[in-house]
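Line by line, the protein sequences are chains X and Z. All the letters of the first sequence, read from the start, carry residue numbers 4 to 350 under this note's numbering. All the letters of the second sequence, read from the start, carry residue numbers 2 to 406 under this note's numbering.
Hints listed in this document are in silico derivations from the structure and should not be mistaken for laboratory results. Each residue gets a CB set at the ideal place from its N, CA and C atoms; glycine is no exception. Incorrect hints may appear among the rest.
Footprint (simulated), chain X over chain Z, 3 or more residues, beta carbon under 8 angstroms [what the hints assert, rightly or not]:
(1) 124-131
(2) 221-227
(3) 257-265
(4) 278-290
(5) 391-404
Over the 12 angstroms line for every Cβ pair with chain X, so calculated as not near, a few chain Z residues [what the hints assert, rightly or not]:
(6) 48
(7) 50
(8) 65
(9) 77
(10) 83
(11) 86
(12) 146
(13) 161
(14) 162
(15) 195
(16) 196
(17) 197
(18) 215
(19) 243
(20) 269
(21) 361
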Amino acid sequence: MNLATQGFLGEYFLGMTMAQATLVENVAMGWGHVLSQQLITGVSNGMIIALIAIGYTMVYGIIELINFAHGDLCTLGSFLALTLVGALGMEAWAGLGGTAAVVTLLISAALFCAVLNWSIDRVAYRPLRGKPKLALLVSAIGCSFILINIALFWGGLPMEVFGGGKAAAAPKDFPSLISNENLLGAHSAITVTWRDLFVVMVTIPLMIGLTWLVKSTRLGKAMRAVAQNPTAAALMGIDVNRVIGSTFLIGGALGGFASVIYALYNNTISFQMGYRTGMDAFTAAVLGGIGSLPGAVVGGIVIGLVRALSDGYIEARWTNSVVFAILILTLVFRPSGILGAKLREKV
Amino acid sequence: MLKNLTAVCVLAVSSATLFSAIAWAQETPGETKKLKIISSLPLTGSANAQTTSVINGIRMAIDEVNGKVGDYTIEYEALDDASPQRGNWDPAVEAQNANKASRDLSVVGYIGTYNSGASKISMPILNKAGLVMISPGNTYPGLTKPGTGEANEPKIYRPTGKINYFRVVPTDDLQGVVAAEWAQSMGVQKVFILDDRELYGKGIADVFEKRSKELGIQVLGREGVDPKATNFKALATKIKAVTPDLVYYGGTTQTNAGQIAKDLRTANATPSFMVPDGCFENAFIEAAGDANVNGSAYITFGGLPADQLTGRGAEFRDLYTKKYGQEPEAYAAYGYEACKVLLEAMARAKTKDRAGILQAVAETRDFEGVLGKWSFDANGDTTNKVMSGNTVENGKFKFVKVLGK
C-alpha cells in the first residue's frame, strides 16, 4: 500500500526532482517525498511494535495478565542474536550466506524466546494461578527486572561484538547484515531499502500464520475456549495449563522474531531497549483492544505511523504526548479499544 | 605441660586485650584519624567506561600520596548515582548520595558529578553541610556563573550564600561558542540543531545556536528529541529534506547520540554530525558503529584528549596506561586533577575540619596540574580555557586542533 502511495506522490514531483538531482548531489525532497518516506518509516516501525504487541495481547486474552516481562524477553532475544553474529562470524557471510545468517538468527531467537517465555510462565506465573491477580502482576514486574539484569550481565561478555565487554551497559552496535542500499536507485528522493521490505516480508506471513493457528487448529480452538472460560474448558477435558503454556510459547516465539527484526532494522541494541519497545507494544495492544489479535496489529501500525508523522511534522519532543493523547481519546470513546468491542476474538 | 599451656593462653589473651586497649585509646580520644572522600558518578549505564576511568584517576591521586595526608588516612568510596531503570544518572539516587555524604562527618570531600543535571540536586544539599564539592565533568555554566543560566542561578544552589562547588573543566558558554566557530571555519553554512532536553544538552545547544546566528550560519531548525526513542528515522527524513551541512546534537552517548548519527546515515542524509564533550568517550563510537561516524562526526571537548597532554599530563597518561593496561578515557585526567586539588588543599589546611578544607580549596592558585597551570576563580570555575576539536578515524577519536585560544 505504501509503495502505491509513494509511486503516486513520487510521480507528482518527478519532474522537479529529476531537474534537481542532476544539479545537487544531495537529492532535494518535495513534501510528497517526505510524507511517503515518513509513512514507510511509520509502517516499518509499526510492524515491529505489532509483533511484540501480539505477545502482550495473547497473554492478556488468556490469563488476564499484563506480562511486563515481555519487552525484556525481546531484549534477550536480541542479545542472543548478537552473540551468534559474533560467535559464528556472520558479518563475513556474503551473498546467500547473508540470507542464511538472517534465517539462522530468526529461528534461534524465536526458539530461545519461546522456551524462555514458557519457562517464565512455568516458574513464576503458573504457581500463582487462582491467587489474587495482584500477585501475578508483581511477579511479572519482578521477572522484568530479572531479565533486564541478565541482559546487563550478558552485555559484559568479553566478545568483540559486545565492545570487548568493557562497558556492559553501553548500547551495542548490531552489524548491518541487511543492505541499506536504496532499491529505487541511489538518486531517488525516496529511500526504500531491503530492511524496510524485510520487516514487512517477515511480519505479514507470521501474522497470517498466527491467525490460521488460532482460527483453524485444535490448539487454537482450545486457546479460545480457555480464554472464554477456563473452568468450563477444563470440564470439557482441555488441559488448561498446557494450553496456557502453548500461548506463552507462541507469544515468546513472535517476540523472538520481533527482537531480531528490531536489531536488524535499528542496528542498536541495549539492555534497556525492552522498556521502550514494551511500552509502545503494550500501548498498541490497549489501543487496538487488548485481547484482540487484529487489534494488536492495527494498534501497532497506528502507533508507528503516529510516531513518524509527529516526529516529522510536529516536533519530536511532543511525540509521546501525541501518542498518549490519541490513546486516551480512543479509550474515552471506545473503552475497549479500536477493535476490542466489535471483534471480541480473545485468544 | 598443661599448666604452661594455660599460662601461655592467659598471657596471650591478656596481652591481646592490652594491645587492643592501647590501640583503642590511640584511636578514639575524640579524634578520628580517618578522613573520607566520596565520589558520585553514573556507573550503571553507558557512561560506565568513562566514569570507571575517572575513578581510576581519583585512585591514582590517592595512591600517589600513599593514602595519607598529614596524620590522616584517606578512605575513598565510589558511589553510583545512576539507576538501572534509567541507565543514566537518577535524581533520587544523587540526592541519596549527597545526603549520605553530608551526614557522615568523616567525609571531607565530594568528587562529582558527571552530569550537570545531577549537580543541581546535590549542590544545595552539600552546601548546607559545608562540604566541598569538585566536579570533574559538569560543564553547564549556570551552576557557577551568574547571568549565564536562569535568573536565580547560581544563587539557588548556594542556600548558605557560601561557595562550596568547584570544577576543573571549562564551561559550555565557552565550548558552545568555539564549536560554532569551528563549524564556520569548516565552511558550514546551514545547520540543524537538536538537543536532548536535559540541562547540559539543551544548554550547550542554546549557546551553539546563538553563536551560529551571530556568525551568520543559517539555522534551519531546532528541536528537542526523545532520547529513549527506538530510532530517529522519521526525524532523519525531516532533516534530510532541508539539506543542512551540519547537524549539531546537544546531548550525550547516554541520550542516544550514537543512534542519531546512525539513523542520519541510514536515511542517506549526508550532513556532518557535531556533538559536545558528553560524547567524547569510546562508547559513543561503539554505539554509532564505526562506519557511521568515521570522518563525518566532530566532537568538541573542554580540554585536551589524553594523547595530546604534555608535561605532567603526559606523565599521568603513561602512568595510567601502565597501571590499568589501557589508555585513559577523556575525563580520567579531570578525575585525577579534582582529587589532586582536594588532597593538596587538605595538606595545606592541616585540619579535618570541613570549613578549613573548603577554604583551602577556594584559595587554590596557580595549581600545577596535568592540565597546565590554573586557579579557581571567584565563582569556583577553573581559569583553564584550553579546548579541543576532534573527529573519528578508523573507529578511534582523532585530535584535530586546539580551539578557543
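Each hint tested on the structure:
1. 124-131: That given contact is violated, which follows from only 0 residues of the segment 124-131 of chain Z lying within Cβ reach (below 8 angstroms) of chain X.
2. 221-227: holds (count 4)
3. 257-265: holds (count 4)
4. 278-290: The restraint on the segment 278-290 of chain Z holds, since 6 of its residues have a Cβ under 8 angstroms from chain X and three suffice.
5. 391-404: Per the Cβ count (0), the hint is violated.
6. 48: Label violated. Min Cβ-Cβ 8 angstroms, cutoff 12 angstroms.
7. 50: Check fails; 4 angstroms does not lie beyond 12 angstroms.
8. 65: Correct as stated: the minimum Cβ-Cβ distance to chain X is 25 angstroms, above 12 angstroms.
9. 77: holds, 22 angstroms
10. 83: violated, 9 angstroms
11. 86: violated, 8 angstroms
12. 146: holds, 27 angstroms
13. 161: holds, 36 angstroms
14. 162: holds, 36 angstroms
15. 195: violated, 8 angstroms
16. 196: violated, 9 angstroms
17. 197: violated, 10 angstroms
18. 215: holds, 25 angstroms
19. 243: Since the minimum Cβ distance to chain X is about 9 angstroms, residue 243 of chain Z lies within 12 angstroms and the statement is violated.
20. 269: violated, 6 angstroms
21. 361: Its Cβ never comes within 12 angstroms of chain X, the nearest being 36 angstroms, so this holds.
In terms of the numbered hints stated before, the structure departs from hints 1, 5, 6, 7, 10, 11, 15, 16, 17, 19 and 20, listed from lowest to highest.
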